[in-house]
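Build the full structure now, drawing on both the sequences and the hints.
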Amino acid sequence: MLTESLRRIGVLVRHNVLVRLRDPGQMISYIVLPIILMTVFKPLYEKAVQGANYQIISGPLVMFSIFTLAIVGNSILIEREWRTWDQLRVSRAHRAELLLGKTLPIMAILITQQLVVVLFGCALTGIPLPDTIGYVVPAILIWGVMLLAIGAALATIVRSRGEMGMVSDLGTMMVSAFGGALLPVSLMPSWARHVAPFSPGYWGVDMFQAALRGQPAHLVRPALVCLAIALVAGTFATYRLAHGFGRGRLM
Amino acid sequence: MLKAENLTKRYGRVQALAGFSLEVAAGEIVGLVGHNGAGKTTFIETATGLIRPDGGRVTVNGQDPARVRGITGVCPQQIGLYLSTTVREHLRLFGGLAGLRRTALRAEIDDLAESLKLTSFMDRPVGVLSGGQQRRTQAAVALINRPSLLLMDEPTAGADPETRQALLDVVKQRASEGAAVIYTTHYLPELTELAATIAVARAGAVIARGSAADLLDGLPGEVLVTFADAEVHVSTTDPTGTLLEILRDAGRPPIAVDLRKPSLDDLYRSLTVSYAH
Numbered sequence: 001m002l003t004e005s006l007r008r009i010g011v012l013v014r015h016n017v018l019v020r021l022r023d024p025g026q027m028i029s030y031i032v033l034p035i036i037l038m039t040v041f042k043p044l045y046e047k048a049v050q051g052a053n054y055q056i057i058s059g060p061l062v063m064f065s066i067f068t069l070a071i072v073g074n075s076i077l078i079e080r081e082w083r084t085w086d087q088l089r090v091s092r093a094h095r096a097e098l099l100l101g102k103t104l105p106i107m108a109i110l111i112t113q114q115l116v117v118v119l120f121g122c123a124l125t126g127i128p129l130p131d132t133i134g135y136v137v138p139a140i141l142i143w144g145v146m147l148l149a150i151g152a153a154l155a156t157i158v159r160s161r162g163e164m165g166m167v168s169d170l171g172t173m174m175v176s177a178f179g180g181a182l183l184p185v186s187l188m189p190s191w192a193r194h195v196a197p198f199s200p201g202y203w204g205v206d207m208f209q210a211a212l213r214g215q216p217a218h219l220v221r222p223a224l225v226c227l228a229i230a231l232v233a234g235t236f237a238t239y240r241l242a243h244g245f246g247r248g249r250l251m
Numbered sequence: 001m002l003k004a005e006n007l008t009k010r011y012g013r014v015q016a017l018a019g020f021s022l023e024v025a026a027g028e029i030v031g032l033v034g035h036n037g038a039g040k041t042t043f044i045e046t047a048t049g050l051i052r053p054d055g056g057r058v059t060v061n062g063q064d065p066a067r068v069r070g071i072t073g074v075c076p077q078q079i080g081l082y083l084s085t086t087v088r089e090h091l092r093l094f095g096g097l098a099g100l101r102r103t104a105l106r107a108e109i110d111d112l113a114e115s116l117k118l119t120s121f122m123d124r125p126v127g128v129l130s131g132g133q134q135r136r137t138q139a140a141v142a143l144i145n146r147p148s149l150l151l152m153d154e155p156t157a158g159a160d161p162e163t164r165q166a167l168l169d170v171v172k173q174r175a176s177e178g179a180a181v182i183y184t185t186h187y188l189p190e191l192t193e194l195a196a197t198i199a200v201a202r203a204g205a206v207i208a209r210g211s212a213a214d215l216l217d218g219l220p221g222e223v224l225v226t227f228a229d230a231e232v233h234v235s236t237t238d239p240t241g242t243l244l245e246i247l248r249d250a251g252r253p254p255i256a257v258d259l260r261k262p263s264l265d266d267l268y269r270s271l272t273v274s275y276a277h
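First to last, the protein sequences are chains A and B.
When we follow UniProt numbering, the leftmost residue of the first sequence carries the number 1, and every step to the right adds one.
When we follow UniProt numbering, the leftmost residue of the second sequence carries the number 1, and every step to the right adds one.
Treat the hints with care, since some could be wrong.
Simulated coverage check for chain A against chain B, where a stretch passes if three residues somewhere in it have a Cβ under 8 angstroms from a Cβ of chain B [unchecked claim]:
| hint | stretch |
| --- | --- |
| 1 | 18 to 28 |
| 2 | 80 to 88 |
| 3 | 91 to 103 |
To give an idea of the chain B side of the interface with chain A (calculated C-beta under 7 angstroms), a few residues [to be verified]:
| hint | residue |
| --- | --- |
| 4 | V74 |
| 5 | L93 |
| 6 | A104 |
| 7 | G241 |
Since the hints were made in silico from the structure, they are not lab data.
Don't be surprised by glycine CBs; every beta carbon is placed ideally from N, CA and C.
Quick look at the structure:
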């Protein structure tokens, strides 16, 4: 029974990897862009911010990982556009298998993107990553799960790829800007500093800086906030995906 | 195999199913006909377990359809395929989900490629295929798990004659192997070719069910008699008697005589016309 289930998940993962690899554009750009940004903005941050090295990595990391919501959303949205989700739902695969088969490859993309950005950032700034890898990896996983859940939830709400692009772009800029990913919170105007904790980006930046500094005590709170957001968005997305997208309600 | 009893389903103000009942036995092909909006697609979706009825009950082999999805094959009205992956990759995916492995999977793919004439485009992305090729691919996806219950919702809509014939041949073959088939269509001659039992849906319910012969029995045919100076056209359940009566009354020989038996189209019109109006 378990073997059969694992086989079906494997079949789904293989297929979804195939579908992703046929359309790699977004993934490549969200890996390359933060690398360029980190390299170009490093001198600026070094002059403007105390502890600049951590901001150089965590800012672009958070901003461009939020951009990957578009990858998450589109990978689910195509199942609606191509009307393939119902085909999968009438197969022998259970709901949990379908969701795992769909989300595992996307999670792998999110982790890969974040790992590449962190590794490049550490090489650029000279932060000794091996010392803090035990904190950075869980932070990447938690942040990835949260993005996956939000992206999946968005994909079950929006009605087209255009709408997904708009929500993803606007959302990323707002969450990043108010979360301190573009400009450190300490340099933001007073009113914006009050708004910052309402942005998931704030907790992302906080979590990655704590992880890179190797401060487990400071890691717990933002990690818990991210997990709570993931739980809410994930529950909503799972419900919508498990029950189908509905006839005429969304598309 | 499949038993639907008094199903009801409402979408907002639209009553899609209103007491829909239908039974299909193993090896039987039921041709489900009716106007657009008669409830055919909603019934198919209910029978697959994709949507839950508001009322009534549907079972497949005595169980909830959602629990026995592995034995069902569905060919939806609208194409549902991954445009960026190839036909072979589709069959690997859905065959793999059905539990087929290596040799068995390869054999099943080869068999479907042959019978549905997919061989020449097996390794091309579905997005570049013609409508007919996509239709055949969709059918192959529905058939890869050798389903005991096959639900085909207008599978030949917009298909070319070659595609249509290939699909009909495969459906007949699968039914002869014991599969229960529900086949919705607007092309009634297909049902004659499939030797299907016919169920007519109207306003969310099945209003007539039986063999074509049973349903056509008692339906009026037409007699058209052409004389040199006039034409007589009569609908009648007794064409021969009516013809003799016309000739006796006319007292002169006709130029041409045409006796037309009632067709499935006539049946369809007679049963659905009040709804259409």
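The hints, checked one at a time:
1. Counting residues of the stretch 18 to 28 of chain A whose beta-carbon sits less than 8 angstroms from any beta-carbon of chain B gives 4, enough to reach three: the coverage restraint holds.
2. For a cut-off of 8 angstroms, the count of residues in the stretch 80 to 88 of chain A with a CB near a CB of chain B stands at 6, and the three-residue condition holds.
3. Coverage of the stretch 91 to 103 of chain A by chain B holds in this model, with 3 residues showing a Cβ closer than 8 angstroms to a Cβ of that chain against a need of three.
4. A distance limit of 7 angstroms between C-beta atoms decides the matter here; for V74(B) the minimum to chain A is near 5 angstroms, and the interface restraint holds.
5. A distance limit of 7 angstroms between C-beta atoms decides the matter here; for L93(B) the minimum to chain A is near 5 angstroms, and the interface restraint holds.
6. Among the interface hints, the one on A104(B) is violated; its C-beta lies about 13 angstroms from the nearest C-beta in chain A, farther than the 7 angstroms criterion.
7. The restraint placing G241(B) at the interface with chain A is violated, with a minimum CB-CB distance near 51 angstroms, outside the 7 angstroms limit.
Taken one by one, the earlier hints fail for this structure at numbers 6 and 7, listed in ascending order.
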